[in-house]
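Visitor: Using the sequences and the hints, build the whole thing.
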Amino acid sequence: MSSTDIEGVGLPVEIGKIDRELGKLWEEAGESKTRASLINLVLYFEDRTQVQANTQLIADIATEHACRAILILAEPGTSESGAKAWINAHCHLAGKRQICSEQITFHLAGETAKALPSIVFSHLDSDLPLCLWWQAPFQRTIDEQLWAWVDRLVFDSAQWEEPPASFEIIRKIGSLGEGRTVLGDLNWARLLETRIAIAGLFDHAVALEKLSKLETVAIDHSPGHRTTALLLVGWLASRLGWKLQPMLDKPFFLAPSGTHVRFDLTEKPGPSISRCLFTSGDCEFLLKHCNERNFFEATVSCPGSQEHPRITKAGREKLADLLISELGRGSRHGHYRHALDAILPLL
Amino acid sequence: MGQCLVRVTDQVYVIGMSERKHANPLRGGLLNRALPEPCTVVIFGATGDLTHRKLVPALYNLAAEGALPQSVNVVGFARRDKTDESFREELGEATRKHSRQAVNEELWASFSDSIFYHRSAFDDASGYESLAKRLNDLDSERGTRGNRLFYLAAAPDQFQVILENLRESGLNVAPAGGWARVIVEKPFGTDLDSARALNALVEGSFPESETYRIDHYLGKETAQNLMVLRFANAIFEHLWNGRYIHHVQITASEPLGVEGRAGYYEKSGALRDMVQNHLLQLLCLTAMEPPAGLDADSIRDEKVKVLRSLRPLTSETVRTHVVRAQYGAGAINGKRVAAYRDEENVNPESVTETYVALQINIDNWRWAGVPFFVRVGKRLPKAATEIAIHFKGAPPVLFNAASDSPTDNVLVIRIQPDEGISLRMSAKVPGAAVRVEPVKMDFHYGTSFGKATPEAYERLLLDAMSGDPTLFARRDEVEEAWKFIDQIHSAWESDASDLAVYSAGSWGPTEADDLLAQHDATWRRL
Chain A
78 MSSTDIEGVG LPVEIGKIDR ELGKLWEEAG ESKTRASLIN LVLYFEDRTQ VQANTQLIAD
138 IATEHACRAI LILAEPGTSE SGAKAWINAH CHLAGKRQIC SEQITFHLAG ETAKALPSIV
198 FSHLDSDLPL CLWWQAPFQR TIDEQLWAWV DRLVFDSAQW EEPPASFEII RKIGSLGEGR
258 TVLGDLNWAR LLETRIAIAG LFDHAVALEK LSKLETVAID HSPGHRTTAL LLVGWLASRL
318 GWKLQPMLDK PFFLAPSGTH VRFDLTEKPG PSISRCLFTS GDCEFLLKHC NERNFFEATV
378 SCPGSQEHPR ITKAGREKLA DLLISELGRG SRHGHYRHAL DAILPLL
Chain B
100 MGQCLVRVTD QVYVIGMSER KHANPLRGGL LNRALPEPCT VVIFGATGDL THRKLVPALY
160 NLAAEGALPQ SVNVVGFARR DKTDESFREE LGEATRKHSR QAVNEELWAS FSDSIFYHRS
220 AFDDASGYES LAKRLNDLDS ERGTRGNRLF YLAAAPDQFQ VILENLRESG LNVAPAGGWA
280 RVIVEKPFGT DLDSARALNA LVEGSFPESE TYRIDHYLGK ETAQNLMVLR FANAIFEHLW
340 NGRYIHHVQI TASEPLGVEG RAGYYEKSGA LRDMVQNHLL QLLCLTAMEP PAGLDADSIR
400 DEKVKVLRSL RPLTSETVRT HVVRAQYGAG AINGKRVAAY RDEENVNPES VTETYVALQI
460 NIDNWRWAGV PFFVRVGKRL PKAATEIAIH FKGAPPVLFN AASDSPTDNV LVIRIQPDEG
520 ISLRMSAKVP GAAVRVEPVK MDFHYGTSFG KATPEAYERL LLDAMSGDPT LFARRDEVEE
580 AWKFIDQIHS AWESDASDLA VYSAGSWGPT EADDLLAQHD ATWRRL
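Just so you know, the protein sequences line up as chains A and B, in that order.
Numbering-wise (the working numbering), the first sequence opens with residue 78 and increments by one.
Numbering-wise (the working numbering), the second sequence opens with residue 100 and increments by one.
In case anyone wonders, no lab produced these hints; they're calculated from the structure.
Check each hint, because a few of them may be wrong.
To be verified - Among chain A residues calculated to face chain B with C-beta under 7 angstroms, some are:
{"no.": "1", "residue": "T111"}
{"no.": "2", "residue": "A113"}
{"no.": "3", "residue": "A143"}
{"no.": "4", "residue": "A171"}
{"no.": "5", "residue": "R272"}
{"no.": "6", "residue": "A276"}
{"no.": "7", "residue": "G277"}
{"no.": "8", "residue": "F279"}
{"no.": "9", "residue": "D280"}
{"no.": "10", "residue": "F372"}
{"no.": "11", "residue": "T376"}
{"no.": "12", "residue": "P380"}
{"no.": "13", "residue": "R387"}
{"no.": "14", "residue": "I388"}
{"no.": "15", "residue": "K390"}
Glycine is no exception: its CB is placed at the ideal position from the N, C-alpha and C atoms.
Guide: Next comes the structure, spelled out in structure tokens:
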């Protein structure tokens, strides 16, 4: 299957017969395969070249999160209208058993793209939570009925071309249905290990004293990950009580101690966050991504105290790993909104 | 420093510590559970099997998953001559062999930098003085803030000397702002008197709030899930009583024999080895009332109430309610195996039981009239630990009027292996005739949750480091359990004529079947 060839994604089926065809698929598999499902995982995207990559993503994710995956390729801009569907299964060995997740792929062209809510509603595995991963730009007009059904909305703010507008739409979606929908930004998930490693830099009592007196924060990030770096700064600001001083030439944060905390974001090729350097008085706290290895080296340098470089797990970069982490968390990201609030004017 | 229950989100609850003066504000909300504070884990008996097979692999896995702060040191305390380097090397080998996930060499190298070896005999006071100095040095070098977790992984007969020396050297008291805790491995005594003596000994060095008695069964996911199953699902709790439940079966079977542990097993037997701790804990989780909260003491209070409600046994009722047996020669998986008395280091006239089945009655409102049948045995056909709730049958009318097949609903909670939950119910067999057969709705953890389940020791070590004793046995729990077990032992001591023999590879003696037959029940076919 070429990267743009949707026909090879599975067994073509009539949309009205999907459940029957899935039933047949499992019947033929007999007892050698067990269908499992804990969530409905819907992926919405508008880029035809992503069909293969998304199918592979589902295969990777299904090893840890058994699901009914619904892939929806929508091409609302095409002149021809129509809907097609395919089914397939992703199986893996768990002990002696083959555990399988099923995937239904839809292609909605032209006007039929508007049928998205009905396509989603009619093919959900009943009683299971609905996780929707929205890979396309958010639209300003919100289908409230669709969004109100979503238990967890996943997105990657690093991919957004207009972060402020998109965050605004996200906030609106998050407030529907009495705020039932959990918002999961993969860009935030991308930072989890980085935040853990940074927190670890300040566990030592001597380092902890320096934390409230940080003076500079320097972060190296890869091209396209400025929002990732900003979210990291936002997290520090919200946890440490810094207030943004939006100076036109060089904004900085004001710490509760009155210290001016200056920050620099530098674009460098490599992982999304490759280096974080913090200074406080005569101490330096450095987190450095080890090249070609998925580790951070954490070093604390204070005069008179011994350095103990430590290796810790670095941030996840693969989308499948990020989604696995997000689905495994199962709770709201309380600090995400605070981090976002702290850096909104900088986006 | 107190504990508090923190509601993190709608779904995730963690038992956390109240805000400490010197808490790192960047740690808040990073993980779904409370992250332990930096600390040093001191393992007494560091060259033993438990350290190599379980403790260090568990600590490594926790570190690899980012569940530990960077400043966690491990100090092995033992008498053999080793250096830090040789100790790290042998632990590296053991971790590569026993870790549930593949060891990443770079992570291991970084983690093992925090492992140290302290050579001393357990009874050498100067060894504890030098340990104290070393721990202070580690505190200042590595920021462990005076937090110490002492793990008694040595033989039980060494506990006394270790605890006394910890007290004499002042190590039992944490430096200002820190904490000092102790983890005690089972067995917690061999009877009520010795358990009380051990508890008094521990209490002489560490307060109960800093004492963690480890029963690894409680660290297993399914054991933890029992409370969730009962108290997070509305449908079960209403049926969870004598009105709807006929009886409960708790089984722990294994095909293994004594496997070189004859010295220990000859003294303990199945009753002390398994029933006093693991199986009575499972019984408590099954039978307890809903706790007032999810904090450690609320839960343990309810468990103790169950133990206090166990109907006392007399010599007479021990004869009618308890079956003990020993395996004879037989075959396991097609291979001939020797009788217990022919195993190495076993007394040829041994009366140690390798199998126990007992009927336990809980005299409280909820469980009046519901027998709990508990069985445990070695050299049984397969390894399985489970709790089976047998509901009362539907009335013998309509579809059940002439049914020969079992129609009772059975809810099974499988603890190991293949952790999961299943429910047996009746269904119509497709066809023109009305034929009703039992079917099974089966939930397998491994199928639905692909992620490898953490080892029980990982969870328990993390809890002890975080100051959460929920999954550890409290002093009164241990003593109440011994009180019950001692009644059986005293009856047995006066007369060994009831010791039955079963063939290795069978499901135990027929006497155990009779125990259930009196109640119109049979053991589950596992």
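Visitor: Taking the hints in turn, state whether each one holds.
Guide: Hints, one by one, checked against the model:
1. Evaluation of the T111 of chain A hint against chain B yields a held restraint, the C-beta minimum of about 6 angstroms falling below 7 angstroms.
2. With 7 angstroms as the threshold, the beta carbon of A113 of chain A comes within range of chain B, its nearest partner Cβ sitting at about 5 angstroms, so the hint holds.
3. Proximity of A143 of chain A to chain B holds as hinted, the smallest CB-CB distance being about 6 angstroms (cut-off 7 angstroms).
4. Interface restraint check for A171 of chain A: the shortest CB-CB distance to chain B comes to about 5 angstroms, inside 7 angstroms, so the restraint holds.
5. Hint status for R272 of chain A relative to chain B: holds, with the closest Cβ pair at about 6 angstroms, below 7 angstroms.
6. For A276 of chain A, the interface hint holds, since its Cβ comes within 7 angstroms of a Cβ in chain B; the closest pair sits about 4 angstroms apart.
7. The criterion of a C-beta within 7 angstroms of any C-beta in chain B is met by G277 of chain A, whose closest approach is roughly 4 angstroms, and the hint holds.
8. Below 7 angstroms, beta-carbon pairs count as interface contacts, and F279 of chain A has one with chain B at about 5 angstroms; its hint therefore holds.
9. Checking D280 of chain A against chain B by beta carbon gives a least distance of about 5 angstroms; that is within 7 angstroms, so the hint holds.
10. A cut of 7 angstroms between beta carbons decides the hint on F372 of chain A: the least distance to chain B is about 6 angstroms, and the hint holds.
11. Violation of the interface hint for T376 of chain A is found here, the shortest Cβ-Cβ separation to chain B being roughly 11 angstroms, above the 7 angstroms cut-off.
12. Taking 7 angstroms as the C-beta cut-off, the interface hint given for P380 of chain A is violated, the closest approach to chain B being about 15 angstroms.
13. Residue-level restraint check for R387 of chain A holds (minimum Cβ-Cβ distance to chain B is 5 angstroms; threshold 7 angstroms).
14. Hint status for I388 of chain A: holds, given a least beta-carbon distance of 3 angstroms to chain B, under 7 angstroms.
15. At a threshold of 7 angstroms, the smallest CB-CB gap from K390 of chain A to chain B is about 5 angstroms, leaving the interface hint in force.
When held up to the earlier numbered hints, the structure conflicts with 11 and 12 and fits the remainder.
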